[in-house]
Amino acid sequence: MSTVIPPVDDKERGGDSLGAERQGGARGGSSSLVTPPHDYGWRLEDLDNDEMILNMGPQHPSTHGVLRIELRTDGEVVRAARPHIGYLHRCFEKHAENVDYPGVIPYTDRMDYVAAMGNSLGYALAVEQLMKIEVSPYVQAIRVTVCELQRIASHCLAVGAYGMDIGAFTPFLHLLRDREKILDLFEWTCGARLLYNYNWVGGVSHDLPEGFIRAARQFLRDFESVTFPEMMDLLISNKIFIKRTAEIGVCPPALAVSYDLTGPNLRGSGMPRDLRKDAPYMGYDKYEFDVKVGKGEFGPVGSCFDRNWVRAAEMAESAKLVHQALDALEKMEKADVHEKVPKRVKPPKGEVYSRSEAPRIQLGYFIVAYASGINPYRVKVKSPCFTAMSVFHILARGMYIADIIALIGSLDVVLGEIDR
Amino acid sequence: MDAQGLHDLLAGKFGERVSAFQADALQPWSVVAPEAIAEVAAFAKADPALAFDNLMCLGAVDYPAIKESVPRMELVYHLYSYTHRHLHVLKVMLPREGASVPSVESVWGVANWHEREVFDMFGIGFTGHSDLRRILLPDDWEGHPLRKDWVDPEFYTGMHVRPTAQMAERFQAGEKIGIGPFDFTPFNAHVDE
Amino acid sequence: MTNSITGPIQNRFSETSLVFTTVDNVVNWARKSSLWPMTFGLACCAIEMMATGASRYDWDRFGMIPRGTPRQSDLMIVAGTVTLKMATRVKRLFEQMPEPKYVISMGSCSNNGGPYWKHGYHVLKGVDEVVPVDVYVPGCPPRPEALLYGVMKLQERIQEDHVLRRRAASTGSLAGASMAIEAIK
Numbered sequence: 001m002s003t004v005i006p007p008v009d010d011k012e013r014g015g016d017s018l019g020a021e022r023q024g025g026a027r028g029g030s031s032s033l034v035t036p037p038h039d040y041g042w043r044l045e046d047l048d049n050d051e052m053i054l055n056m057g058p059q060h061p062s063t064h065g066v067l068r069i070e071l072r073t074d075g076e077v078v079r080a081a082r083p084h085i086g087y088l089h090r091c092f093e094k095h096a097e098n099v100d101y102p103g104v105i106p107y108t109d110r111m112d113y114v115a116a117m118g119n120s121l122g123y124a125l126a127v128e129q130l131m132k133i134e135v136s137p138y139v140q141a142i143r144v145t146v147c148e149l150q151r152i153a154s155h156c157l158a159v160g161a162y163g164m165d166i167g168a169f170t171p172f173l174h175l176l177r178d179r180e181k182i183l184d185l186f187e188w189t190c191g192a193r194l195l196y197n198y199n200w201v202g203g204v205s206h207d208l209p210e211g212f213i214r215a216a217r218q219f220l221r222d223f224e225s226v227t228f229p230e231m232m233d234l235l236i237s238n239k240i241f242i243k244r245t246a247e248i249g250v251c252p253p254a255l256a257v258s259y260d261l262t263g264p265n266l267r268g269s270g271m272p273r274d275l276r277k278d279a280p281y282m283g284y285d286k287y288e289f290d291v292k293v294g295k296g297e298f299g300p301v302g303s304c305f306d307r308n309w310v311r312a313a314e315m316a317e318s319a320k321l322v323h324q325a326l327d328a329l330e331k332m333e334k335a336d337v338h339e340k341v342p343k344r345v346k347p348p349k350g351e352v353y354s355r356s357e358a359p360r361i362q363l364g365y366f367i368v369a370y371a372s373g374i375n376p377y378r379v380k381v382k383s384p385c386f387t388a389m390s391v392f393h394i395l396a397r398g399m400y401i402a403d404i405i406a407l408i409g410s411l412d413v414v415l416g417e418i419d420r
Numbered sequence: 421m422d423a424q425g426l427h428d429l430l431a432g433k434f435g436e437r438v439s440a441f442q443a444d445a446l447q448p449w450s451v452v453a454p455e456a457i458a459e460v461a462a463f464a465k466a467d468p469a470l471a472f473d474n475l476m477c478l479g480a481v482d483y484p485a486i487k488e489s490v491p492r493m494e495l496v497y498h499l500y501s502y503t504h505r506h507l508h509v510l511k512v513m514l515p516r517e518g519a520s521v522p523s524v525e526s527v528w529g530v531a532n533w534h535e536r537e538v539f540d541m542f543g544i545g546f547t548g549h550s551d552l553r554r555i556l557l558p559d560d561w562e563g564h565p566l567r568k569d570w571v572d573p574e575f576y577t578g579m580h581v582r583p584t585a586q587m588a589e590r591f592q593a594g595e596k597i598g599i600g601p602f603d604f605t606p607f608n609a610h611v612d613e
Numbered sequence: 614m615t616n617s618i619t620g621p622i623q624n625r626f627s628e629t630s631l632v633f634t635t636v637d638n639v640v641n642w643a644r645k646s647s648l649w650p651m652t653f654g655l656a657c658c659a660i661e662m663m664a665t666g667a668s669r670y671d672w673d674r675f676g677m678i679p680r681g682t683p684r685q686s687d688l689m690i691v692a693g694t695v696t697l698k699m700a701t702r703v704k705r706l707f708e709q710m711p712e713p714k715y716v717i718s719m720g721s722c723s724n725n726g727g728p729y730w731k732h733g734y735h736v737l738k739g740v741d742e743v744v745p746v747d748v749y750v751p752g753c754p755p756r757p758e759a760l761l762y763g764v765m766k767l768q769e770r771i772q773e774d775h776v777l778r779r780r781a782a783s784t785g786s787l788a789g790a791s792m793a794i795e796a797i798k
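First to last, the sequence lines map onto chains L, R and G.
Residue numbers for the first sequence follow this note's numbering, beginning at 1 and rising by one.
Residue numbers for the second sequence follow this note's numbering, beginning at 421 and rising by one.
Residue numbers for the third sequence follow this note's numbering, beginning at 614 and rising by one.
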């Protein structure tokens, strides 16, 4: 393995495995030789006799999306891994500059498409901070209900797909059954199954229908009594699952903080950081819930198992939150959800960075409003999966190829959010 | 610690390289001279009173020459401390062409990818970066799209990029590709042949 | 379904246990009833495609078993936004599929660029710029039932295919392959 890695020179390097398409590339002006902490600069001549560059291509039977990982491997052990992203870059930030503030919300849904309620909530909160709008407690309770249900749905998919990646197909079907029930509830409320355009600036698009509270409680009863124990028994406590995941992908807390891992990824490494507790928004300080932290029961703290366990256990906490939010909703009288929605969203000149605890961890929106136009001047999204992927090459060193899949699944990346 | 105190700490250490505190914004910011940003970042992380161990966001905003503003590109760093739970914003003002800034990659590991993205979208160079190349767009893409003066090219390796002319052309040529959802040949048409 | 089977198939079970039909019918029936898709899930539509494969909207009852590799599949469901970076890979995967092959474009992003048509500098405005498409399923994302309807439309299409006599207008068989080269260029 090379220790000092010279800077990458496009003309010499084989580069992409599909080398014919790469012409030469636009490179930055970096001419200083800094020994990088990453194994990014390998060249074909640097490989040992038994090593090869293997491409886990953009198309693969995995749920996470079009991610390409170049592995430098001897066939089983990965010496270095280099992820390539951008295969789903849909120019969200350019669109945000060209449509008006409410029109950006459908585009935010499509970033993290597995958990769309969280994205639009983050954006709506940021614009409301700019316009200094306070929504009513009724709307806040609706938003909490919907977001926590979305968190359960998103973790169902995450944990189920993780099991499927490891090789267990059945828990995926069980968890998707419950996800379909939640999507039914959402479809009843706002008409869409996956991408809702629900959280508007100043309110939500549709009020909860009659009978929603009863149906949601019914779902939660089924979930807490059947699906959650089933998932914990069948998948999380499964000896094979533990053996496959509990020793790999260990991320120490300092590395996690430096690479800006948040949410279950950070809590899996042992740091009890949850934005809903640290900087509560939308009335989260009135609800009681625990923050699940990885304990390292079966291996070192911060392994793939811990991160996944935090997600699985969080589902029960979200169910508790939904119960409390529904209780709060029952006590309140119905208010108009469009009451604070402005006719024309024109924030005054300013900029704000607002974070929220989306299901896929801490999503941040940096919105610049300039010259009081109806379009945002700049919307920069700090995508949590982007930062999670940036630590991938460090954690992937020395793993088996089969464990690479487990590592991606435990970081729970969704490429739509990475590439925006 | 509040924003004014944070700024005073930084200004006290770095003098005139940390300037222009904007206090009345929603999230107050300090302006840092471009060549000093790496040192300021290292200090911000190492100093126990500041302890900014988390770089929340690194973004750039392009301000071309519009009426009342100075044409510039702003690099915005949002810092957060997990120990003290305070946040601060650092800004670096850069010219719109040929800008170059020291990389903060050695301070916060996540800055590696953030800086690659800023380079990809805006063309700002980062000196000392270990691997500065495009991250989201293909390597042979020309131009930096998020600049305000970006114009979509016509084609990229033979594929249409700009939509309007293409759609109009194909429609006017009467082209019918594939099958619409409701026209299909009836069952067993071939049996009668 | 009844037309295409009992019509061209003359059933003599009760008398002589013989069934008469044409080779075309049987081959097409076999091909359409066991379409093995290569799951080419790119974006949000991929989640709806997974939901179609899950237990509520099961596509296994149509004989569709998802295969990960293009070499063993005969249907490519392009589900999600195709970007310019990805478009060359889509073309390559389509070329790797063996004949007869079919393409369903699922969702408005792969139909014509979808919500990203206007300012998406990196979005391919319709996957039919690189591969020939048989069925377009609109929606953003289309419901699982919509995808199943698209599959059923494709099955009707396949039923009219000819094993020996190529009809110029049909894609998916060899005539489709020669048309594809024009479309991709």
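Calculated from the structure, these hints are not laboratory results.
Just to be clear, a hint being listed does not mean it is correct.
Claimed, not checked - Mimicking DSS-like on lysine-lysine, the simulated pairs with C-alpha atoms at most 30 Å apart in a straight line are:
hint : chain 1 : residue 1 : chain 2 : residue 2
1    : L       : K331      : R       : K465
2    : L       : K331      : L       : K132
3    : R       : K568      : L       : K132
4    : L       : K340      : L       : K320
5    : L       : K349      : R       : K511
6    : R       : K465      : R       : K433
7    : R       : K465      : L       : K346
8    : L       : K331      : L       : K286
9    : L       : K243      : L       : K132
10   : R       : K568      : R       : K465
11   : L       : K277      : R       : K511
12   : R       : K511      : L       : K346
13   : R       : K568      : G       : K766
14   : L       : K239      : L       : K277
15   : L       : K239      : L       : K286
16   : L       : K346      : G       : K766
17   : R       : K568      : L       : K343
18   : R       : K465      : L       : K295
19   : L       : K349      : G       : K731
20   : R       : K465      : R       : K511
21   : L       : K343      : G       : K766
22   : L       : K334      : L       : K132
23   : L       : K277      : R       : K465
24   : L       : K295      : L       : K243
25   : R       : K511      : L       : K132
26   : L       : K295      : L       : K239
27   : L       : K132      : L       : K346
28   : L       : K331      : L       : K320
29   : L       : K277      : L       : K334
**Message:** So, against the hints stated earlier in the document, which numbers end up violated here?
**Reply:** Failing hints, ascending: 1, 7, 9, 10, 13, 14, 15, 16, 21.
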